[in-house]
Amino acid sequence: MNRVETPAGRARLDLLDPMEVARLGGLELVAEGVVEGFLAGLHRSPRRGFSVEFAEHRMYQPGDDLRYVDWKILGRNDRLYVKQYEEETNLRAIVVADVSRSMAWTGNPALRLSKLAYAQRLIAALTLVLQRQRDATGLIAFDDAVRVIVPPRARLSHWRQLLATLGALEAGQGTAAEPALRRVIDQLRRRGLVVFVSDLLFDRPLALKALRFLRHRGHQVVVLHLMDPAEVTLEGPAEARFEDPETRAAVVLRPKDWAGPYRETVQGVIAGWRLACRRHGIAYHAVRTDTPFGVVLRQVAASHPT
Amino acid sequence: MIGFLHPWLLAGLVAAGIPIVLHLLERREPPTVIFPAVRYLVAATERHQRRLKLQNWLLLVMRTLLILLLVLAAAGPTMRAGRVAGHAPSALVLIVDNSASSGAVVKGTPRLATLRSAAREVLARATPDDALWLVTADGVPRRGDPAGLATLVAELTPSPRRLDLGAALATGAEVLAPETRSGEIVLVTDLQATAVSPARVDVPVLVVRPDEAPPRNVGIAGLSLGTQPWPSEGGRAVVKLTGDSGPPVPVSVRIGERPGRQALAPTNGTVVLSLPGAPPGWWPVTADLDPDELRADDHRLGLVRSSPMARVRWDPAERYVAAAADVLERNRRITRGDEVTIGRLEPGISIVEPPADPAELGALNRALERRSVGWSYGALVTGSETADSSVGLGGTRVLKRYVLEPAGSGRTGVLVRVNRSPWVVRSGSVVLLGSRLDPAWTELPVSAGFMPFMDLLLNRIARGELAVVDAAPGDVAALPDRVTEVRRAGERWAVEGGAGFRPEQPGLYFLLAERDTVGALTVNVDPRESRLAPASDEQVRKLWRARVVGPDAAGEEVFAAAARGDLRGPLLWAGLLIGLTEMGLASAWRRES
Chain A
1 MNRVETPAGR
11 ARLDLLDPME
21 VARLGGLELV
31 AEGVVEGFLA
41 GLHRSPRRGF
51 SVEFAEHRMY
61 QPGDDLRYVD
71 WKILGRNDRL
81 YVKQYEEETN
91 LRAIVVADVS
101 RSMAWTGNPA
111 LRLSKLAYAQ
121 RLIAALTLVL
131 QRQRDATGLI
141 AFDDAVRVIV
151 PPRARLSHWR
161 QLLATLGALE
171 AGQGTAAEPA
181 LRRVIDQLRR
191 RGLVVFVSDL
201 LFDRPLALKA
211 LRFLRHRGHQ
221 VVVLHLMDPA
231 EVTLEGPAEA
241 RFEDPETRAA
251 VVLRPKDWAG
261 PYRETVQGVI
271 AGWRLACRRH
281 GIAYHAVRTD
291 TPFGVVLRQV
301 AASHPT
Chain B
1 MIGFLHPWLL
11 AGLVAAGIPI
21 VLHLLERREP
31 PTVIFPAVRY
41 LVAATERHQR
51 RLKLQNWLLL
61 VMRTLLILLL
71 VLAAAGPTMR
81 AGRVAGHAPS
91 ALVLIVDNSA
101 SSGAVVKGTP
111 RLATLRSAAR
121 EVLARATPDD
131 ALWLVTADGV
141 PRRGDPAGLA
151 TLVAELTPSP
161 RRLDLGAALA
171 TGAEVLAPET
181 RSGEIVLVTD
191 LQATAVSPAR
201 VDVPVLVVRP
211 DEAPPRNVGI
221 AGLSLGTQPW
231 PSEGGRAVVK
241 LTGDSGPPVP
251 VSVRIGERPG
261 RQALAPTNGT
271 VVLSLPGAPP
281 GWWPVTADLD
291 PDELRADDHR
301 LGLVRSSPMA
311 RVRWDPAERY
321 VAAAADVLER
331 NRRITRGDEV
341 TIGRLEPGIS
351 IVEPPADPAE
361 LGALNRALER
371 RSVGWSYGAL
381 VTGSETADSS
391 VGLGGTRVLK
401 RYVLEPAGSG
411 RTGVLVRVNR
421 SPWVVRSGSV
431 VLLGSRLDPA
441 WTELPVSAGF
451 MPFMDLLLNR
461 IARGELAVVD
471 AAPGDVAALP
481 DRVTEVRRAG
491 ERWAVEGGAG
501 FRPEQPGLYF
511 LLAERDTVGA
521 LTVNVDPRES
531 RLAPASDEQV
541 RKLWRARVVG
551 PDAAGEEVFA
561 AAARGDLRGP
571 LLWAGLLIGL
581 TEMGLASAWR
591 RES
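In order, the protein sequence lines correspond to chains A and B. Take my numbering: the last position of the first sequence gets the number 306, and nothing is skipped along the way. Take my numbering: the last position of the second sequence gets the number 593, and nothing is skipped along the way.
Keep in mind the hints are simulated off the structure, nothing from the lab. For each residue, glycine too, the CB sits at the ideal point set by N, CA and C. Take the hints with a grain of salt, since some may be wrong.
Covered, in the sense of this in silico footprint (three residues per stretch, anywhere, with C-beta under 8 Å from a C-beta of chain B), are these stretches of chain A [what the hints assert, rightly or not]:
no.: 1; stretch: 240-252
no.: 2; stretch: 262-272
What follows is a set of in silico ranges between Cβ atoms, one per label pair, in the way DEER data are often shown [stated by the list, open to error]:
no.: 3; chain 1: A; residue 1: Gly268; chain 2: B; residue 2: His23; range: 38 to 48 Å
no.: 4; chain 1: A; residue 1: Leu206; chain 2: B; residue 2: Leu60; range: 41 to 51 Å
no.: 5; chain 1: B; residue 1: Asn56; chain 2: A; residue 2: Gly268; range: 36 to 46 Å
no.: 6; chain 1: A; residue 1: Gly268; chain 2: B; residue 2: Leu22; range: 25 to 35 Å
no.: 7; chain 1: B; residue 1: Gln49; chain 2: A; residue 2: Glu32; range: 46 to 56 Å
no.: 8; chain 1: A; residue 1: Leu206; chain 2: B; residue 2: Asn56; range: 30 to 40 Å
no.: 9; chain 1: B; residue 1: His23; chain 2: A; residue 2: Ala164; range: 15 to 25 Å
no.: 10; chain 1: B; residue 1: Leu585; chain 2: A; residue 2: Ala164; range: 50 to 60 Å
Chain B residues, not near chain A, derived (Cβ > 12 Å throughout) [to be verified]:
no.: 11; residue: Ala15
no.: 12; residue: Pro31
no.: 13; residue: Leu52
no.: 14; residue: Asp138
no.: 15; residue: Ala154
no.: 16; residue: Glu155
no.: 17; residue: Gly277
no.: 18; residue: His299
no.: 19; residue: Leu345
no.: 20; residue: Glu369
no.: 21; residue: Val469
no.: 22; residue: Val549
no.: 23; residue: Gly584
no.: 24; residue: Arg591
The whole structure should be built from the sequences, with the hints applied where relevant.
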């Protein structure tokens, strides 16, 4: 594994392979390590990130969103700088996490985290960043029903409570996202940030309707579409019976015959979600579970209302 | 119709089921893989299912077809395809009729030259993959490659033998019977009608015969020299001619080197010529015609034994023996003397009858033993029995006889048998008769064959001279029992008495028993070779279901008889095309997927 190090020589956990990072310790340790790395990439400025007010320039770092590159400086000095914004204080954020059975799956347990494990670590890091911005963070976990609701709070001890809840999450049964998203209304009385973490293996129209509703209520909505790499590229034995762990629906086919059509279908699904989200001002990120956490945090940080 | 060189390989067609079986096996109970994104798979298959099914079936069909084509190609398919440039590997028997008649000259060209040329045309069309045999007048199938057999054909000369075409075809069919390749017999012949005989042949037969009509021919069919030995005064020769009708032709017959006697003889008729006497001994007699287009039958050999008539002593009291002796004496076949005694055992040559009184049998046997005769009289056998066909006695009934028992070394010298038991035997200078020459013992004395038998017995058998045997080259001649050696002009062949002997060349052969010359074998060309008239094409087509062509068409028609194109090439090309297409489509679709 390539180690990515800071100028001081310390490894940046936010840019390491998620599986490697997960091996280092529990949720808290991983989250703090990732956030430290992430913030170091942001010039150790916890006050900058998820905001809209311009503050200053800094040197471009790998993983930075190209949308924040200051092209004028590049034109004048031939140097890459990105713009940074002042944080928006008193933000209320809530993470809606999918803990259905499909989230517990990984295509390669030896090399990759399950989608649920990945989501747990990502959410822990994300909420820590928000906590450090003194934002109130909450959590809603659901499978075929809402399982956990942790109302948003800004205290640091709240993050540890949230972390404990997060760590105790186990994969449930089916998926029913729409009721969970509706429950967000109860938790966010005024405009806030909703981060929806799911593999999106359910019917899009209903969930999208709830997401649009949240957007309509003025919330900033970010959708993190978790996908195992094995869900992107179809592989397997010469012929296999592929069975859905939630619905038990099955299909028998030869992966080598269907790899192409499957890839097209997955790309179509991603494109469909991206288009639908963009149309309604929702930030959408397709996240493979082998993507370093820091990269995802930067993408989320870069998401802002359009 | 499609045939196969290796039909047993068609069993490999079951291999064509391999792709289908693999397909079915693969379809059976595939492993279950837990996969959350099944909904994407369902969506993908809904869109592409029909196309992929079509692709899979197409690949399955192509793979099955590919195996089918390879198996079919391995089985060596051939197809009747008319005149094709090449031909499937075949088995061919080439029969070249170089019998004596092939020596005829037609318009200045020996007929055999025409046949050789046609045979070379046939061999020129053969390939190294063909199995080839050459059969000539000797009837022996010789296997070889085209070049080797062409050399043999080029070296062929007219054989003195006769070739029975039906027998030659049967030989060819026998040679081809074990062959799995398509077989064919090509018969290159002058198609003499006398050589045509039925044959059961299951393979295609191509008959190549000359276009020109045969020349007119007259030959000597036989030379009969009458009863032997000839007296010192000489004898008569009867010459029989055969061949095409026409005016009488001159015939010349001579004994030894003496000047010949000439006479005009009708074609297909006989002429009798008197020949002068000669000193005692064997004398060749030759009959000649003026040369014509076929020389082989213009000359015929015979052999005559010249010796003075036997001097015989007989008992006038023996009614039937005395009567016969009187007749022979009057006809100058014998004379009175003491050279040969008939009836009892005497010093010198004796023809011994068993005694009428059984009490004298013991004394006779003792006397025979003292003379070192290898036979003695045994028990008396009564009952009606029949003599075998030796020395012209076939069917003669025997009512009473003594069993002739061999003494010492053997059973040699048996001249006539009754019921497979010796009845007339010869040992040294003694001939023993099993029965008395009396109607109470045998019907011989009152039969028509008695006089010739007595003549033979007194003049030849008793004097140790057995036979002059006629034969044709290549035929098996039955030799008398006593013969141990055959000689001809310095050549010698050791033989077993009673066995067959196959002379190869025309000529005179002497038969020896130890050191004694006991007979002769005259070998002359079969008279049927003189008749050159060919059988009709229609007759041959009907008889052998053969195609009949002239020498110029031999090369074109050979192998077209079984006219089968080799389909292996097209099948392999088709297989290659299908294989490449399958590879291309499979890889393209795989890339696409």
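Indices of hints not satisfied (ascending): 3, 5, 9, 12, 13 and 24
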